[in-house]
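Asker: Given next are the chains, with one letter for each unit.
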Amino acid sequence: MAIDDVRDGIRDAQDSAQAAIAALEGATKEIEQVRPALMEALTGATHPKAATVEVDLGQAVEACTEMVQMFRDGSAKLDEYLTVT
Amino acid sequence: MALGEVVAQLVAVRGAIQTAMGLLADAGSEATEALGKAETALQGAAHELAEEGLSLWRRGETEGGFTLQKLAAADDALADYLEVLSPGSGTKSTAIAKPTGEELLKRRRSSSRTRNSVRSFIEKADQVDDAVKNITPSRKILEISHPDLPTPPPYVITETGTRGPVMRAPDTPKADYAQGAMSVVILTTVAVVTSVKAKDIATRVHDRWRNQ
Numbered sequence: 004m005a006i007d008d009v010r011d012g013i014r015d016a017q018d019s020a021q022a023a024i025a026a027l028e029g030a031t032k033e034i035e036q037v038r039p040a041l042m043e044a045l046t047g048a049t050h051p052k053a054a055t056v057e058v059d060l061g062q063a064v065e066a067c068t069e070m071v072q073m074f075r076d077g078s079a080k081l082d083e084y085l086t087v088t
Numbered sequence: 353m354a355l356g357e358v359v360a361q362l363v364a365v366r367g368a369i370q371t372a373m374g375l376l377a378d379a380g381s382e383a384t385e386a387l388g389k390a391e392t393a394l395q396g397a398a399h400e401l402a403e404e405g406l407s408l409w410r411r412g413e414t415e416g417g418f419t420l421q422k423l424a425a426a427d428d429a430l431a432d433y434l435e436v437l438s439p440g441s442g443t444k445s446t447a448i449a450k451p452t453g454e455e456l457l458k459r460r461r462s463s464s465r466t467r468n469s470v471r472s473f474i475e476k477a478d479q480v481d482d483a484v485k486n487i488t489p490s491r492k493i494l495e496i497s498h499p500d501l502p503t504p505p506p507y508v509i510t511e512t513g514t515r516g517p518v519m520r521a522p523d524t525p526k527a528d529y530a531q532g533a534m535s536v537v538i539l540t541t542v543a544v545v546t547s548v549k550a551k552d553i554a555t556r557v558h559d560r561w562r563n564q
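Note that the protein sequences, when read in sequence, are chains A and B.
All the letters of the first sequence, read from the start, carry residue numbers 4 to 88 under this note's numbering.
All the letters of the second sequence, read from the start, carry residue numbers 353 to 564 under this note's numbering.
Please note that a few of the clues may not be correct.
To be verified - As a list, the in silico SDA-like pairs of lysine to any residue whose alpha-carbon atoms are at most 20 Å apart:
no.	chain 1	residue 1	chain 2	residue 2
1	B	Lys389	A	Glu43
2	B	Lys389	A	Gly12
3	A	Lys32	B	Thr443
4	A	Lys52	B	Gly440
5	A	Lys32	B	Leu420
6	A	Lys32	B	Gly440
7	B	Lys389	A	Asp11
8	B	Lys389	A	Ala79
9	A	Lys32	B	Lys389
10	A	Lys52	B	Glu415
11	B	Lys389	A	Glu83
12	A	Lys52	B	Gln421
13	B	Lys389	A	Asp15
14	B	Lys389	A	His50
15	B	Lys389	A	Lys52
16	A	Lys52	B	Ala431
17	B	Lys389	A	Ala5
Claimed, not checked - Computed footprint of chain A on chain B; a stretch qualifies when at least three of its residues, placed anywhere within it, have a C-beta under 8 Å from a C-beta of chain A:
no.	region
18	407 to 414
19	430 to 438
Since the hints were derived computationally from the structure, they do not count as laboratory data.
We put the CB at the ideal spot given by N, CA and C, even for glycine.
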């Protein structure tokens with residue numbers, strides 16, 4: 004494959020990765036926006052199901068943030084690759 | 353916070369979680385596409401930087417499944433808890449499928465409608481508070497006609513875990529039978545008016561939520 008084709012293919016892939024990042028940031032924002040209301044609504048709740056919700060959502064937000072970072076770092080590595088080749 | 357408000361807020365949280373799940377599914381699809389394109393473009397290129405880049409994207413793609421599981425677990429737990437608070441309000445979604453762009457837009461609009469429903473629900477809850485306050489004039493009349501009428505204790509609304517709100521009066525001072533009977537009438541009136549209104553509002557909000 005010619006280097007220009009490789010470059011175009013990688014740029015195209017990075018665009019898709021950027022779309023994934025935007026979707027992940029949207030998902031994180033959705034959760035972060037309702038977390039204060041959730042905390043307020045669950046104040047004093049002793050039901051075991053109520054206790055797991057905050058933990059699960061916290062882990063989901065953390066995982067989303069990590070994924071965004073992985074996609075950004077991956078794109079940066081591919082940029083470096085294109086620079087050195 | 354009144355039980356109705358708690359239920360309304362938790363329903364709104366579920367709406368946000370489901371929107372996030374849709375977005376996450378979309379992110380997963382984009383990530384898969386990105387990997388496919390990059391692997392095609394880098395075929396035969398055994399360069400360390402290219403491998404590191406692809407490896408990071410693969411890890412990100414795998415992490416998506418875990419995140420989706422966590423959101424689904426939170427949604428299920430909320431549905432279960434809502435069923436405990438207000439039976440019928442915690443309907444579970446049966447399947448999570450990747451939404452199309454149109455579906456995502458629809459969800460955005462639906463999410464906005466949810467917020468409006470919640471706002472309307474809270475306004476209705478305020479109306480219940482007003483209805484309870486409106487009992488005060490009746491009490492004033494009773495106080496004029498019965499000067500010895502004891503002051504009723506403040507009401508405490510608690511969650512029992514399996515039922516709706518319970519009106520509980522802490523340590524009511526003992527009165528004679530006539531005064532006691534009068535207090536019982538007032539307390540019963542407040543409890544009946546509040547519970548009937550609250551049930552009516554919860555039913556209407558729930559119906560509206562299901563019809564969206």
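Asker: Please go over all the hints and tell whether each is borne out by the structure.
Answerer: The hints, checked one at a time:
At roughly 45 Å between alpha-carbon atoms, Lys389/B and Glu43/A are farther apart than 20 Å, so this suggested pair is violated. For the given pair, Lys389/B sits about 6 Å from Gly12/A by alpha-carbon distance, which is consistent with the 20 Å threshold. Under the criterion of a C-alpha separation no larger than 20 Å, the hint pairing Lys32/A with Thr443/B is inconsistent with the structure, at around 24 Å. A C-alpha spacing of about 16 Å is found between Lys52/A and Gly440/B, which places the hinted pair at or below 20 Å, so the restraint holds.
At most 20 Å may separate the alpha-carbon atoms for a hinted pair to count; Lys32/A and Leu420/B meet this at roughly 15 Å. About 28 Å separates the Cα atoms of Lys32/A and Gly440/B, which puts this hinted pair outside 20 Å; it is violated. Using a Cα cut-off of 20 Å, the hinted pair Lys389/B and Asp11/A holds, with the two alpha carbons roughly 10 Å apart. As the CA atoms of Lys389/B and Ala79/A are separated by approximately 16 Å, the hinted pair is consistent with the 20 Å bound.
About 28 Å separates the Cα atoms of Lys32/A and Lys389/B, which puts this hinted pair outside 20 Å; it is violated. Annotation: proposed proximity of Lys52/A to Glu415/B is violated, straight-line Cα distance about 24 Å (limit 20 Å). For the proposed pair Lys389/B and Glu83/A, the alpha carbon gap of about 17 Å is at most 20 Å, so the pair holds. Taken as a hint, the Lys52/A and Gln421/B pair is honoured in the structure, with Cα atoms around 16 Å apart against an allowance of 20 Å.
Simply put, Lys389/B and Asp15/A have alpha-carbon atoms about 7 Å apart, close enough for the 20 Å limit, and the pair holds. At most 20 Å may separate the alpha-carbon atoms for a hinted pair to count; Lys389/B and His50/A exceed this at roughly 47 Å. With a C-alpha separation of about 42 Å, the suggested pair Lys389/B and Lys52/A falls outside the 20 Å cut-off, and the hint is violated. Using a Cα cut-off of 20 Å, the hinted pair Lys52/A and Ala431/B holds, with the two alpha carbons roughly 9 Å apart.
At roughly 15 Å between alpha-carbon atoms, Lys389/B and Ala5/A fall within 20 Å of each other, so this suggested pair holds. Interface restraint, the region 407 to 414 of chain B with chain A: holds (5 residues with C-beta to C-beta distance below 8 Å; minimum three). Counting residues of the region 430 to 438 of chain B whose beta carbon lies closer than 8 Å to any beta carbon of chain A gives 4, which meets the minimum of three for the stated coverage.
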